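Asker: Residue numbers (the numbering used here), protein chains in the order written: chain A, 85 to 590; chain B, 11 to 348; chain C, 13 to 180.
Among the hints, erroneous ones may be present.
Derived DSS-like pairs (lysine-lysine); straight-line CA-CA distance at most 25 Å [claimed, not checked]:
(1) C:Lys171 / B:Lys97
(2) C:Lys103 / A:Lys514
(3) B:Lys97 / A:Lys438
(4) C:Lys171 / A:Lys188
Simulated from the structure, these hints should not be mistaken for lab results.
Note that the coordinates shown come from a computational prediction; the quantities given were computed from them, not determined experimentally.
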Amino acid sequence: MLEDVGNLFHGFAVVAQPYNLLLMVVGIVLGVIVGVLPGLGGANGIAILLPLTFSMSPTSAIIMLSCIYWGALFGGAITSILFNIPGEPWSVATTFDGYPMAQKGKAGEALTAAFTSSFVGALFAVIVITLVAPLVASFALEFGPPEIFSVYFLAFCSFVGLSKEPPFKTIASMMLGFGLGAVGLDQMTGQLRLTFGFESMLNGFDFLIAVIGLFGIGEILLTMEEGLSFRGKSAKLNMKVVLNTWAELPRYWMLSLRSCLIGCWMGISPAGATPASFMSYGIAKRISKRGRFFGTGEIEGVVAPETAAHAAGTAALLPMISLGVPGSPTAAVLLGGLLIWGLQPGPLLFTEQKDFVWGLIASMYMGNIVGLIIVLTCVPMFAAILRIPFSVIAPIILVFCAIGAYTVHNNTFDVVMMVVFGIAGYLMKKTNYPLAPMVLAIVLGDKAEESFRQSLLGSQGSFSVFWSSALVSTIMTLGLIALFWPLIQNAWTKLRGSAGEPHPAE
Amino acid sequence: MSVAKTVLTIGTAAFASGAVALSALPAQAWEPSHPIEIIVPAGTGGGADQMARAMQGIITKHNLSKQSVVVINKSGGAGGEGFLDVKNSKGNDHKLIITLSNLFTTPMATGIPFNWKDMTPVAMMALDEFVLWVNADKPYKTAKDYVDDIKSKPDNSFKMGGTGSKQEDQIITVALQKATGKKMTYIPYKGGGEVAVQLVGNHIDSSVNNPIEAVAHWRAGKLRPLCVFDSKKLDYHDKIAGDLAWDSIPTCKSAGLDVEYVMLRGYFMPPGVSPDAVAYYVDLFKKVRETPEWKKLMSDGAFNQTFMTGDEYAKWVADAEKLHEGLMKEAGFMAKTN
Amino acid sequence: MSHSVNEAAETGPSQRGAEIGVGIAMAIIAIIGIIGSLRVGIGWAAEGPRAGFFPFYISLIVLISCAFNVASAAMQAKDGGVFATWSQLVKVMQVLVPTAIYALVIPSTGIYVASALLIALFMRWFGKYNWLIVAAVAIGLPIFTFVTFEIWFLVPLPKGPFEAALGF
């Protein structure tokens with residue numbers, strides 16, 4: 085333990101070399117750019133820049149690349165909040181309250197809350213990594229297919245039942261999402277399904293295309309219908325916003341802590357940042373006193389998913405270096421980088437490559453701090469984007485949406501699909517179909533199905549596998565409780581016999 | 011005929027590029043005029059992707075090409091999307107595709123219409139090896155111990171994890187089943203690294219991971235290699251885990267398990283490309299093979315470093331296709347034609 | 013919330029009709045899903061569900077939900093308000109039609125030329141900017157994009173005859 089602290093300080097010394105600090109800043113800035121431009125995204129950004137790092141030392145290279153990763157994580161929140169266009173799956177939940185906040189003229193507050201929460205989540209996860217790294221690795225090993233399925237099950241359960249829309253519309257929307265997610269190659273049997281022989285269907289419907297269409301294009305159509313402007317013009321443009329928001333944030337310490345824990349847990353178990361963000365949002369909505377206002381621009385609705393996503397994203401790096409299993413596509417590319425630099429990710433990396441590992445961990449601390457400073461100073465600039473007149477910004481958004489949709493699979497058909505999703509998003513929103521369950525289903529549906537079927541393969545088709553160990557049974561039970569929570573709560577409220585709605589404020 | 015010409019041009023090109031260094035370029039030497047695209051018919055982070063990106067890095071670092079190299083993943087339909095793209099880019103001299111076994115298995119298992127004959131073979135860069143791994147806590151010391159245990163228990167008592175469905179890992183599993191006479195439960199995962207960790211966590215009984223996917227866990231004493239599915243031992247002598255090196259692993263055949271399988275890591279181009287362009291890339295790849303980074307990549311992954319071009323390569327691919335067809339038919343993996 | 017203004021004066025397709033329409037559209041997608049699932053097998057093989065198992069039941073649930081949704085929409089009063097006024101829909105179409113055309117022409121013209129035209133159209137038509145500003149943004153942005161994606165990040169985007177003529 086004491087030795088680890090020494091190692092960590094050695095790591096700081098490595099990171100604090102001017103050359104490495106410079107790389108860090110370059111990495112963060114590149115990362116933010118990559119995160120903001122749809123279609124580049126963290127994974128792509130790192131994959132593209134990876135070859136540039138071959139001439140650096142592995143430690144410098146990982147510092148730069150992990151900073152691109154942090155930058156991209158920060159950057160992903162920007163488009164979610166300003167334009168309702170999440171660039172990464174784990175930013176989807178941020179749009180639910182972030183975008184309404186921006187519409188109310190509180191883009192600066194939303195961005196500050198998002199960036200700060202990301203930082204808090206990441207910092208918490210790094211501390212966890214520093215303290216309990218070896219424990220964490222063995223915990224991750226406990227996760228076989230049934231355990232992973234139970235985590236997805238919990239994510240779905242804590243999120244469904246939340247929408248105010250008619251239940252059959254929610255069900256139709258979510259199931260449609262599952263259906264769209266199923267198109268393409270069936271991982272388990274290697275068969276193509278629902279493609280009807282169309283070449284352009286081979287890829288299935290990627291979440292990003294669906295989301296850019298449903299949220300981004302759909303929103304532009306709605307805006308157009310209501311008169312040509314974004315409703316964020318009044319956004320304040322000075323740094324005071326940051327300080328004022330900071331003054332407000334400590335109030336949500338409990339929410340932050342809970343989100344940090346959810347995030348770390350999801351990141352270490354290989355489920356990743358996306359279920360973490362949805363789960364954290366869902367639970368926050370249930371527990372918060374202002375829960376029923378979620379979705380209309382509550383700052384808590386930004387804090388919860390951002391904290392959890394970044395705690396998860398950071399914690400996911402640990403299984404990567406200690407087990408060689410990437411928790412996200414971005415981590416997968418980083419992992420490829422390790423191999424190319426001649427490092428072998430695995431249990432021995434910690435003992436054989438101390439400089440590298442502790443340099444990486446130190447760069448997590450420093451990178452997040454540097455990143456936070458950089459993005460926060462840019463908050464007024466980002467918020468100012470909303471002042472650009474609609475007739476200029478709308479076509480630019482459309483162009484970047486098209487680029488984003490295209491780059492997912494390098495396929496022009498996806499751009500057409502994006503427009504179709506845009507029309508669907510507009511119509512569904514106007515007819516009260518909730519979009520969030522659909523997106524959740526597209527994002528996690530195929531993974532859930534995969535782990536479900538892997539489990540049943542392993543158990544020869546017996547369902548008892550989902551109750552076969554303490555770990556999986558606990559998570560499944562939690563899921564069931566979460567699923568029936570609204571019923572339990574309803575029953576409780578009725579028991580108390582209150583006629584009107586319980587007053588939210590106390 | 012045209013292939014013979016290709017081989018001839020390779021010789022000339024290699025000679026020319028050496029001689030030209032100081033003099034002016036001969037008019038006919040083909041040089042890329044756009045960025046070179048390498049299509050990866052698989053997702054980011056996999057073996058083929060890593061190799062393509064490593065080559066991109068090597069070419070950039072050593073300035074081996076005047077034009078930049080761009081790596082594009084087209085993984086839809088088990089890679090079918092990438093192959094169709096190349097098939098449909100007739101005459102595009104700036105497009106290459108790196109292959110894995112899905113070159114054969116995808117059209118067979120999914121019915122997506124392409125065949126390696128729709129493309130122009132360029133070069134085999136290496137062959138990827140497969141090793142039979144078990145958890146080090148298990149009592150099996152040799153492949154024979156494991157096979158005997160499989161034989162003594164009923165069907166489906168053992169779980170084999172692998173990457174993807176109806177692809178190389180499952181083909182090897184089917185061949186194992188044939189050799190042992192017992193069925194195994196094959197569980198497909200998305201990536202090789204995940205399979206290795208599932209084996210460390212004892213969620214499966216064995217895997218046929220590529221060396222690079224499992225080596226870290228071997229060194230950490232978590233996994234044990236039993237045998238390698240190649241006709242000869244791996245040719246790497248550096249000690250890896252204790253006294254053991256890659257060449258300490260016996261071949262499966264010598265352990266009484268007559269299964270051999272290696273996976274192609276090679277390049278193809280679209281149909282109808284100019285022979286001069288093919289020659290240029292063959293020459294480029296030869297230069298890549300000389301770099302220390304490439305050699306390191308090869309030894310890290312314990313690759314079989316066979317390099318082939320022209321006729322020899324085409325013949326190898328044709329044989330491999332026959333082999334896959336036989337295995338896939340036998341396993342009942344061929345797409346139904348209805 | 014936008015309906016409160018001018019609603020009395022203007023007409024448009026009814027909300028009820030729109031709800032029924034969306035419900036039927038989803039039902040059609042569900043039926044396609046069911047057909048597709050039947051093709052790959054919806055049974056439960058010895059080792060778990062086949063490829064079409066989940067899509068089949070998912071589509072079935074969508075179909076049933078749609079039946080409920082369409083029925084409940086049909087039972088609504090006929091004067092349940094308008095979905096959007098005609099003039100609003102015209103505005104939506106003004107964005108949607110150019111965007112759809114944009115998406116459709118990208119494979120032939122490449123993304124850069126198409127983007128320049130889309131931006132120019134919006135700025136000139138809706139924004140009434142003078143041609144100089146229009147040209148600056150409409151040409152500047154694609155160039156910026158080109159430099160960022162093609163040269164800096166080495167991400168190739170669709171290119172057409174125009175870029176080919178310039179030698180890319």
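Asker: Each hint: holds or not?
Answerer: Evaluated hints:
Only pairs whose Cα atoms come within 25 Å are accepted, and C:Lys171 paired with B:Lys97 is accepted, the gap being roughly 19 Å. Restraint check for C:Lys103 and A:Lys514: satisfied, since their Cα atoms lie roughly 15 Å apart, inside the 25 Å limit. Restraint check for B:Lys97 and A:Lys438: not satisfied, since their Cα atoms lie roughly 47 Å apart, outside the 25 Å limit. Restraint check: the Cα-Cα separation between C:Lys171 and A:Lys188 comes to about 39 Å, which exceeds 25 Å; the hinted pair is violated.
Against the hints set out earlier in the document, violations occur for numbers 3 and 4.
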